[in-house]
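Chain by chain, the residues run as shown.
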Amino acid sequence: MGILSVITFLPLLGALLLNLIPSSKTSTVKWAALGWSLGVFAVSLTLLKDFSSNTFHFQFTENIEWMKGMGIAYRMGIDGISFWLVLLTTFLTAISIWFSFYVNDRVKQYFVWIFVLETAMLGVFCSLDMVLFYSFFEASLIPMYFLISIWGGARRAYASKKFFIYTFAGSIFMLLGMITLASLHQKATGTLSFSIIDIQAQVANGKLWAGAFQLQAWLFWSFAVAFLVKCPAFPFHTWLPDAHVEAPTAGSIILAGVLLKMGTYGFLRFVMPLFPDVIPTMAPYVMTLAVIGIIYGAIVAAIQPDLKKLIAYSSVAHMGFVLVGLFSLNHTGMLGGTYQQLNHGISTGALFLLVGLIYERRHTRMFTEFGGLKAQMPIYATIFLIVMLSSVGLPGTNGFIGEFMALMGAFESSFAGAYGLNLGLAVIAACGVILAAVYLLYMFMQVFYGPNNNPENQRLKDIKPWEIAISGILVVFIFWGGIYPNTFLKPMEASIGAARLMAVSPAGNRPSWAESDHEIDAKMNLVYAPNRDGSKITEPLKGNEAVLTPANLHFPVKQATNLEANLSR
Amino acid sequence: MEGNQSFNLIWLVLGFPLFGFLIQSLLGKRIEKAFGRRVAGFLAVIPIVAAFGVAVLLTKQLAGMDATQRAEVGVVQTLFSWIKIASINIPFEVRIDTLSMTMVLIITGIGSLIHLYATGYMAEEKDYTRFFTYLNLFIAAMLILVLGNNLALLFIGWEGVGVCSYLLIGFWYKDLANSRAANKAFIVNRIGDVGLTVGMFLLVVLLAGNKDKLGIDGASGRWLSYDVMLPHLGELLKGNPGMTTAIALCLFVGACGKSAQFPLYLWLPDAMAGPTPVSALIHAATMVTSGIVLLNRMNIVFQMSPVASAIVCIVGAFTALFAALIAFGQTDIKKVLAYSTVSQLGFMFMACGAGAYWVGMFHVTTHAFFKALLFLGSGAVIHAMAHNQDMRNYGKLFKYIPITAVTMFIGYFAIAGIPGLSGFFSKEAILGYALANDHAQISGVNFSYIVGWVGLGVAMLTAFYMTRMTLLTFNGKTEQWRSIEPHHHDEHDHAHDDHGHHDHAHHAHEDHGPDEHGFFYTDEELAAQPHEHEHHHDLDKNHTPHEVPVSMWVPLVVLGVLSAGGGYVLANNHLFEHWLYPNGLSVLKELEEHPHHLPGGLSLMAYSIIAAGLGIVFGAIIYFRGLPKKEGWDESKWSPFRRAARDQFGYDNAMVSASVDGGRDLATFSWRGLDATVIDGAVNGSGWLATGIGKVLGWLQNGFIRAYAAGMLLGGVAILGYLAYALFTGVKK
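Residue numbers (the numbering used here), protein chains in the order written: chain A, 804 to 1372; chain B, 3 to 735.
Simulated from the structure, these hints should not be mistaken for laboratory data. Just so it is clear, the structure is predicted and the values come from calculations on it, not from any experiment. The beta-carbon is built from N, C-alpha and C at its ideal position, and this holds for glycine as well.
In silico lysine-lysine, DSS-like type, Cα no more than 27 Å apart, as pairs:
1) B:K176 to B:K128
2) B:K35 to B:K176
3) A:K1112 to B:K176
4) A:K1264 to B:K35
5) A:K1010 to A:K990
6) A:K1267 to B:K176
7) A:K852 to A:K1293
8) B:K128 to A:K1264
9) A:K1010 to A:K871
10) A:K852 to B:K86
11) B:K86 to A:K1293
12) A:K1264 to B:K31
13) A:K1267 to B:K31
14) B:K176 to A:K1264
15) B:K215 to B:K86
16) B:K128 to A:K1267
17) A:K1267 to B:K35
18) B:K128 to B:K31
Which residues of chain A face chain B? A few of them, derived with a C-beta cut under 7 Å, are:
19) H1134
20) K1177
21) V1241
Construct the entire structure; sequences and hints are all you get.
See below:
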């Protein structure tokens, strides 16, 4: 069993083992859950040791026969895109379990569902087989559904159903799309395969879509809708505020921190590499939705009376920046968008955590109940301030880097007139950072500034040492990500560069993934032309090599093939 | 670390304030408790003074270098890679040249004086170390802004000083009005910041897109670094006036935000809610001049764009005039100074628009001297007057606070443009360049010349309203505060309220049951807490003003000397001009310093002296005997002009209601209308689906099958998959 399987299924094992502890011993259950989740995090950290930043190919791959006749196999592997998401998942799960010491109702069941959820999330990020991916993708709904519907707030029944139906309805089309892709692969090669490595290889050489070009746009949307719902992008976002408001704190942290990333991850893993001929045509549409989401989410966030609802709508805006970056189809932009995923996970996770801290004390999240908390809880106020500013995107915090790079990419692409992107859209997206300051500063003022008039707040003590520790860890990452982002950017870069070239290069020039570890050395690696170390490339490139050169980093490699050109062929 | 080793000390200049910030933020409270307030304050002042000392050493070293080489190369030092990816590389690198070192000297020099002043001014403040935490952080951020060798690093400082400004404006956060002012400052600045960001993106597009053509070292990816960007911009922008003007205007939008120009000046008057040392340091001497620094740094773009330069001129002149008029309607001494700052910043932009970038910096420097002096002086007055800021309560203060009064008169003469004092030289240079040149043109209209005359008029107004402020404060025939009746009921009310609250809290708390987590203070703990009663001594007729302590008047005297002599020293022999631009400008080589033919055959100097003289004389006639009746407490008796000026001619109200109320309406419509009705309506419309699946899930939840739910779903997927597979293979055959 490979390391990825170990990491993925360790939480599930933890869920099973938790059942050995009697339900009445809640304290033991909590400590055991925390210990186990930290253990999972520790195991996932071992990936750091052997992960190579120099390749875009999948690493730590596993391939076990499953349903051979149907081309379905147990295929696991991670690249630079999923690497940090795996670590983010194990990290945020440990954080939310730590916070969940405040849960007192059906404690054991609660932690069992969280562990099941963790396995599902890790599975999503590690699987390289579409059926496996889909199974984990759908499986993540169930624990989340129960976390909301059992431990949620007053309108939990409505919220959990809405959450389930929205995402389930979105992804059902994706399933059909996956099956079509597999059969197209069979048409192209004679064998049925659900492996994205196999399928992308046929996309790269142009065979897969050769006879079925019209299908490509339809399949693009069958995947895109599933992921847009998950992100969530306007107008598929209305499940999110309800789900967040009703979810318990840990649920909100995981929902915002990891579950939303499945959407943007899906774009990078499936949509970009598999539908390259329509990507340039469709990019403006996705970009438009993303920009609407940035503005719309921010405007609606500005009048929310409930802290969690405000942060939920802010997520719509922030994930809009991720999509803007990804669909700029520019190296800087895509890297920025991908990085912004992580930052959003840390910052918004931290915001939900901090709201959870005050909710445990006051059992309310309404602005009107608060005011003047800074004098009462100075440490809490300071941590909140830092996290709030990182969400605003202040330079020096992680939030800035992602937004800055994503917007820069959008400007580069749209200024060059590439992919039909519009400079106006990029400018509007940039204006979104003003609105972020509006609603977040307003929120901070309402809660922390002014006189402390509410008698219920006048007895509040500052947060406890362990609460400072748990939120302090997140603050460390906020500054780390803002001051030395290279730690996080470097491992992603090769994979993002390849994903971009897969999406924008014409057939035949697209890079493709190696099928096994042995092949990587022989086949190809992403080459950084003169940029990286100053060395010039002297040898001619082999057929399938992917090169990031200064020339193709900023602007399209060639004007990518568009839909009409192909249709008329 | 790379770069010229001999300038390694620059990291100390950056490091000291940052170290001071860490000490204050992490240990400040403990130091204050263990060693007293003086030590804590001392530890905040020392790093800034030390940074100033090192900066002086480095400047001497720089001055000793060959001027040509110094100007062309700049000494770049790199600490680490901030953002380094294949497509762009933004190192953490600083640039030591005459522009950056000039600003470093102003920031650390005036910063030291103001820190020292603040140890006295804030001595009674409860949150003493929090204040110095923010202040030290501000210095560090401001230094990054001016020292950074690329626009992204400038942007760190740019937003960093913005945050410090936000925190300091809202320093007394218990009053929501202060927090609102802080929010306004940050948000309005963000509008400017977006402009700056877009400008940066356009520059990246331009450089990265043309690197092959120009042979720019593509390997570096340092598109935003000045040493890569600036030498090529002239060539790149040539023949592309649209792009040039776009970039220039984007940068100028950023400058308008930070340097409080119309239409974004709105935040600066409100920023006076912060403690007075903050107003002096951040909102007068340093942060608000960042826009001028930016225009100097990127002057090549503005040299290439006459249109953008004309817009800079127009905006600067309009702002100068508009703010000067508003100043006449202000009764709060700090508000007068705030509008005066906005107005003077307008002068600086006029200079930059006319192409005289060094003059913009010259006025930054002299303005830093006399405006810091005036603000600190006003702080001393406010300190002496029990924190009352309304000039209608002042009068005849000269005899109570003579040191403050004398130094403030020097500042007043300097800003009014009395010959020989610092303000005279810089203002004279601004008007001279504006009237003599024709760089700032739009379709043949020479806006530079027009704004030169506007500037002369504003100079008259400046002398006028500054006379008003000074005379109302120090002169007049009555001590106005003598008519305020003492009142004590406030304190009583307060005590009563406190009692009520505690009582209330007790009951409310018990409703929630036992506090098992220890979230709340018990009655005993609450009783054991020290009761901090803030003793507010209100201004009343028994008040006797006292001169400020030595830590506060020493900075006043130093600044007084600088305000008096600084202009002459810097202007003499073109010292400042040759220091900043030893080889002149690259494009506008033929800039004239003095206008040749002014109407009436008078020289510009004669005109300026007449303007300043008229302003002072008008002011003296009206205000020498104290507050005129029709400017008194009954504001309905004010002249319509003065009332309109008080309300910023309606501009602030219009903007606030348009953005806040309009925004709220739009948001309500989006949320209640679009989100809840249209989108969710569509979702809930498929309610049968919801109910159906809900029932299935409800059944799952109730039964013991729950644990198998995941398994079932996987099974379902497999079956679906098989069916679809069969279907597709069938179709294919």
